[in-house]
Amino acid sequence: MKESHDLRLRPAIVQDYETGEVLMLAYMDDEALRLTRETGKAHYWSRSRSKLWKKGESSGHEQIVKDILIDCDEDTLLLKVKQIGVACHTGYRSCFYRRIDGEIVATQG
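Sequential numbering of the sequence shown, starting at 1327, is according to the numbering used here.
Hints listed in this document are in silico derivations from the structure and should not be mistaken for laboratory results. Please read all numbers here as calculations on a predicted model, not as lab measurements. Just to be clear, a hint being listed does not mean it is correct.
[Said to hold, decoys possible] Pair ranges (Cβ atoms, derived):
(1) Glu1364 - Ala1432: 19 to 29 Å
(2) Gln1434 - Asp1356: 10 to 20 Å
(3) Ser1374 - Gln1434: 23 to 33 Å
(4) Asp1397 - Ile1430: 14 to 24 Å
(5) Arg1424 - Ser1374: 12 to 22 Å
[Unchecked claim] Derived DMTMM-like pairs: lysine to aspartate or glutamate, alpha-carbon spacing no greater than 20 Å straight-line:
(6) Lys1367 - Asp1399
(7) Lys1392 - Glu1429
(8) Lys1406 - Asp1356
(9) Lys1377 - Asp1356
Where a beta carbon is used, it is the ideal one built from N, C-alpha and C, also for glycine.
Input sequences plus hints: build the corresponding full structure.
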């Protein structure tokens, strides 16, 4: 895979493998990708904490990885997962629960 310019971090789009719903966007370094492939559970690089983390390690809301795809430029990943619990730390199933409508940002169901 090609290296990104940001410490070899690659954006990882996370999608429900059954419904196609986009759950979140995270970042993966080589170690996170290796651990994800070895364990079958999603691991990411936290840019705010500057450390590796396993999704659900404190909340129990794990992501069981069913498939990993890479885009044509080899710089973005797509993880298709079975989400256990919610994906978003705010308690929503998806991190994409707010809609921009004109000047207003509205929370969806």
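- Out of the numbered hints, which ones does the structure contradict? 1, 2, 4, 6, 7
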